[in-house]
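*Asks:* In order, the protein sequence lines correspond to chains Y and B.
Position in the first sequence (first residue = 1) + 7 = my numbering.
Position in the second sequence (first residue = 1) + 7 = my numbering.
In case anyone wonders, no lab produced these hints; they're calculated from the structure.
One should not assume that every hint holds.
Just so you know, same-sequence chains aren't split out, so a pair can sit in one copy or run between any two.
Claimed, not checked - Calculated cross-link-like contacts (lysine-lysine; reagent style DSS-like; alpha-carbon spacing at most 30 Å): (1) Lys336 with Lys202; (2) Lys202 with Lys46; (3) Lys309 with Lys46; (4) Lys254 with Lys309.
Since this is a predicted model, take the numbers as computed values, not measurements.
Protein chains: 2
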Amino acid sequence: MSARMELLEKLALRPAPDACKDRKMVLLVMDGIGGLPDKSGRTELEAAQKPNLDKLASRSDLGVLEMVDVGITPGSGPGHLSLFGYDPLEYAIGRGILEALGVGAVLGPGDVCARGNFCTRDAGGVITDRRAGRIPTAESGRIVRKLSEAIPAIDGVRVTFHAGLEHRFVVIFSGPGLSEHVADADPQKEGLPMKWAAPSAPDGERTAAVTNAFIRRVSEVLGDEPKANACLLRGFSSAPDIPTLGKLYGVSPVAIATYPMYKGLSRLVGMDVAEAGTTLDELFETLGRVWDRYDYFYVHVKYTDSRGEDGNYDAKKKVVEQVDSLLPKLTALNPDVLAITGDHSTPSVMSGHSWHTVPVLLASPYTRFGMSSTFGERSCVLGSLGKIPGPSLMGLMLAHAGRLAKYGA
Amino acid sequence: MSARMELLEKLALRPAPDACKDRKMVLLVMDGIGGLPDKSGRTELEAAQKPNLDKLASRSDLGVLEMVDVGITPGSGPGHLSLFGYDPLEYAIGRGILEALGVGAVLGPGDVCARGNFCTRDAGGVITDRRAGRIPTAESGRIVRKLSEAIPAIDGVRVTFHAGLEHRFVVIFSGPGLSEHVADADPQKEGLPMKWAAPSAPDGERTAAVTNAFIRRVSEVLGDEPKANACLLRGFSSAPDIPTLGKLYGVSPVAIATYPMYKGLSRLVGMDVAEAGTTLDELFETLGRVWDRYDYFYVHVKYTDSRGEDGNYDAKKKVVEQVDSLLPKLTALNPDVLAITGDHSTPSVMSGHSWHTVPVLLASPYTRFGMSSTFGERSCVLGSLGKIPGPSLMGLMLAHAGRLAKYGA
Numbered sequence: 008m009s010a011r012m013e014l015l016e017k018l019a020l021r022p023a024p025d026a027c028k029d030r031k032m033v034l035l036v037m038d039g040i041g042g043l044p045d046k047s048g049r050t051e052l053e054a055a056q057k058p059n060l061d062k063l064a065s066r067s068d069l070g071v072l073e074m075v076d077v078g079i080t081p082g083s084g085p086g087h088l089s090l091f092g093y094d095p096l097e098y099a100i101g102r103g104i105l106e107a108l109g110v111g112a113v114l115g116p117g118d119v120c121a122r123g124n125f126c127t128r129d130a131g132g133v134i135t136d137r138r139a140g141r142i143p144t145a146e147s148g149r150i151v152r153k154l155s156e157a158i159p160a161i162d163g164v165r166v167t168f169h170a171g172l173e174h175r176f177v178v179i180f181s182g183p184g185l186s187e188h189v190a191d192a193d194p195q196k197e198g199l200p201m202k203w204a205a206p207s208a209p210d211g212e213r214t215a216a217v218t219n220a221f222i223r224r225v226s227e228v229l230g231d232e233p234k235a236n237a238c239l240l241r242g243f244s245s246a247p248d249i250p251t252l253g254k255l256y257g258v259s260p261v262a263i264a265t266y267p268m269y270k271g272l273s274r275l276v277g278m279d280v281a282e283a284g285t286t287l288d289e290l291f292e293t294l295g296r297v298w299d300r301y302d303y304f305y306v307h308v309k310y311t312d313s314r315g316e317d318g319n320y321d322a323k324k325k326v327v328e329q330v331d332s333l334l335p336k337l338t339a340l341n342p343d344v345l346a347i348t349g350d351h352s353t354p355s356v357m358s359g360h361s362w363h364t365v366p367v368l369l370a371s372p373y374t375r376f377g378m379s380s381t382f383g384e385r386s387c388v389l390g391s392l393g394k395i396p397g398p399s400l401m402g403l404m405l406a407h408a409g410r411l412a413k414y415g416a
Numbered sequence: 008m009s010a011r012m013e014l015l016e017k018l019a020l021r022p023a024p025d026a027c028k029d030r031k032m033v034l035l036v037m038d039g040i041g042g043l044p045d046k047s048g049r050t051e052l053e054a055a056q057k058p059n060l061d062k063l064a065s066r067s068d069l070g071v072l073e074m075v076d077v078g079i080t081p082g083s084g085p086g087h088l089s090l091f092g093y094d095p096l097e098y099a100i101g102r103g104i105l106e107a108l109g110v111g112a113v114l115g116p117g118d119v120c121a122r123g124n125f126c127t128r129d130a131g132g133v134i135t136d137r138r139a140g141r142i143p144t145a146e147s148g149r150i151v152r153k154l155s156e157a158i159p160a161i162d163g164v165r166v167t168f169h170a171g172l173e174h175r176f177v178v179i180f181s182g183p184g185l186s187e188h189v190a191d192a193d194p195q196k197e198g199l200p201m202k203w204a205a206p207s208a209p210d211g212e213r214t215a216a217v218t219n220a221f222i223r224r225v226s227e228v229l230g231d232e233p234k235a236n237a238c239l240l241r242g243f244s245s246a247p248d249i250p251t252l253g254k255l256y257g258v259s260p261v262a263i264a265t266y267p268m269y270k271g272l273s274r275l276v277g278m279d280v281a282e283a284g285t286t287l288d289e290l291f292e293t294l295g296r297v298w299d300r301y302d303y304f305y306v307h308v309k310y311t312d313s314r315g316e317d318g319n320y321d322a323k324k325k326v327v328e329q330v331d332s333l334l335p336k337l338t339a340l341n342p343d344v345l346a347i348t349g350d351h352s353t354p355s356v357m358s359g360h361s362w363h364t365v366p367v368l369l370a371s372p373y374t375r376f377g378m379s380s381t382f383g384e385r386s387c388v389l390g391s392l393g394k395i396p397g398p399s400l401m402g403l404m405l406a407h408a409g410r411l412a413k414y415g416a
């Protein structure tokens with residue numbers, strides 16, 4: 008655990024003092040919000056018509072977040088961990104886990120997940136197509152339902168399936184004594200026989216045996232399928248051991264997100280996950296619905312990133328404008344602390360994540376507001392917060408909420 | 008190796024992706040560029056007429072570099088290591104090595120160098136003048152040539168001499184089994200007998216024996232010299248074990264510098280060293296000549312520092328103006344990433360290196376430009392990069408060149 012987290016944990020007031028116990032903290036993440044100027048010389052955020060955000064900026068602290076380190080482009084996992092107060096170099100989230108979270112899988116402690124491909128195996132046991140002819144997603148969904156009914160457990164280990172896109176799926180093994188130390192059960196090339204799972208460390212022996220029994224059972228159940236008649240598994244991993252926000256700081260957090268991966272990331276750090284629908288409107292309505300039950304609210308807007316990834320400057324700008332128009336629903340709740348930022352930059356001129364710092368706005372009664380009247384990358388560089396590491400935002404929000412004791416006498 | 012370097016090494020794309028493999032990075036170091044205001048209220052850099060640098064600044068990221076730590080005045084070694092991406096507190100370069108590099112010595116792995124004085128010894132073996140009457144540099148050059156011919160090797164160890172100023176020289180021992188663990192062979196005071204080399208650790212035994220055989224041989228060869236008839240050696244040291252830039256990040260770097268010490272520093276981090284002549288004109292011409300052969304170019308301008316050390320505000324300002332007039336030769340090459348900065352500050356009002364942060368300008372297609380229209384200490388403080396550690400510049404340049412993978416999914 009980083010020195011920063013240890014200090015925060017030590018200073019966190021548990022329970023919250025009476026004067027502060029009803030204070031609400033909101034972290035509104037506009038995914039990939041940071042941008043770069045286009046030919047107009049303005050970034051998407053700077054160019055957007057956003058009267059509500061600008062008004063808020065004029066009475067907020069502004070700054071920029073360095074999510075991982077100078078020049079480092081964060082993935083969504085590290086970017087979010089950073090916003091939640093975790094040093095992203097200390098708490099790494101593997102590709103397998105993120106994929107599992109992305110299809111809505113829920114991993115408990117000790118669970119092991121793996122990414123699966125449906126594949127085609129001939130009578131002699133040779134893998135003739137590692138992707139089963141890229142069967143359509145709907146087809147894959149049907150096969151996953153068939154398997155879920157037929158294989159609820161293997162050798163006392165509970166089995167949970169999640170369909171992915173086309174030939175992809177995720178399987179989760181739940182039970183005592185499992186381990187992620189299992190090498191890929193995948194020959195990698197076509198025309199080779201099945202490669203069976205093998206332990207990559209002694210404690211992976213039982214999981215490898217369960218995996219192989221599982222793969223044999225899948226072949227039995229899918230024996231009459233024309234294409235997807237077997238499966239390959241790789242990327243065995245278990246959920247990282249992350250201390251929860253509740254345990255660390257005594258907060259009661261909830262995630263309000265429409266995309267599975269962000270719900271999953273939130274569960275990893277101990278957040279409840281609200282049913283938030285699929286639209287921006289539903290997202291902001293959900294916040295009001297769960298308002299009384301929590302004190303820390305993580306609200307995730309996906310589309311700023313999506314439009315940035317598309318390389319669509321105007322569309323990204325429009326998402327900012329949409330969020331701005333919905334912002335009154337949030338501010339009407341009178342959050343005591345409101346941070347608005349992103350998990351990384353996604354400049355539409357780059358069509359992808361980038362290493363650039365991320366603008367952040369922090370509204371509370373205790374700010375040195377008034378340095379700028381607009382929320383933008385360059386106004387934030389000159390803001391009262393300056394540049395701070397991403398993981399420092401959590402401590403700042405706790406401080407503004409009156410949830411941290413003084414350090415030393 | 009620092010966590011920052013480890014992360015960069017892990018993320019560095021090797022080989023460079025096709026889309027980025029022809030991108031060129033230039034680090035233009037104006038030695039000691041940072042300054043302080045004189046009575047006019049402006050620093051040398053701020054006062055200089057530099058239309059090209061200012062134009063570049065208006066479309067660049069600006070910031071300031073903290074080379075070592077707040078309040079710490081860097082020497083040239085640490086300042087440059089920092090710019091090359093190395094934590095200067097981790098990779099220390101000894102005084103002996105810097106002196107050796109300064110006279111143009113090239114040290115291979117395992118070589119041991121020492122700083123030498125020619126001295127005067129009487130018939131009884133007593134040192135009567137530790138500096139041999141400060142013989143002129145030309146005289147010292149003649150003696151070094153004489154020794155080079157007479158003593159090519161000692162006991163299988165190759166010997167290389169480099170003349171220094173006045174009575175000073177540098178000797179390099181090359182061969183297997185050598186060690187820098189040898190105490191100074193120097194009585195420190197006049198009127199004492201020779202102090203022979205002794206190992207300071209067990210593995211220095213052979214080197215101490217070679218050293219003493221060498222000192223005896225020097226006395227034989229110089230027996231007929233009136234003043235410089237013997238030598239003293241101190242500061243035994245071998246080249247630090249620094250992972251090269253090529254190995255760390257897969258870059259292909261070249262140094263374009265006119266002064267031996269900077270060429271030497273570059274060799275230590277694995278740069279090729281171009282023949283760059285002696286003038287500023289030749290320096291900038293050299294860049295064009297080697298342009299096709301490398302992807303990272305370190306260009307070193309010495310005179311900003313020299314004039315700062317002289318305490319000559321106007322002369323330092325003029326060097327900036329000269330560099331500005333030559334800048335079009337560099338920008339005409341269309342570098343994809345161009346960083347302009349210094350290795351430390353050398354305010355002419357202090358006539359020496361100082362601890363002040365160093366202004367930096369970073370030009371690329373991916374900047375949040377437009378925050379200032381001039382390159383100066385104070386415009387850089389307000390720049391989009393903010394203040395970053397010196398060693399972070401390397402990662403930033405790699406990021407802008409598309410040479411770093413995303414961290415995490």
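*Asks:* Which numbered hints turn out to be false for this structure?
*Replies:* Going through the list in order, the structure violates hints 1 and 2 and respects the others.
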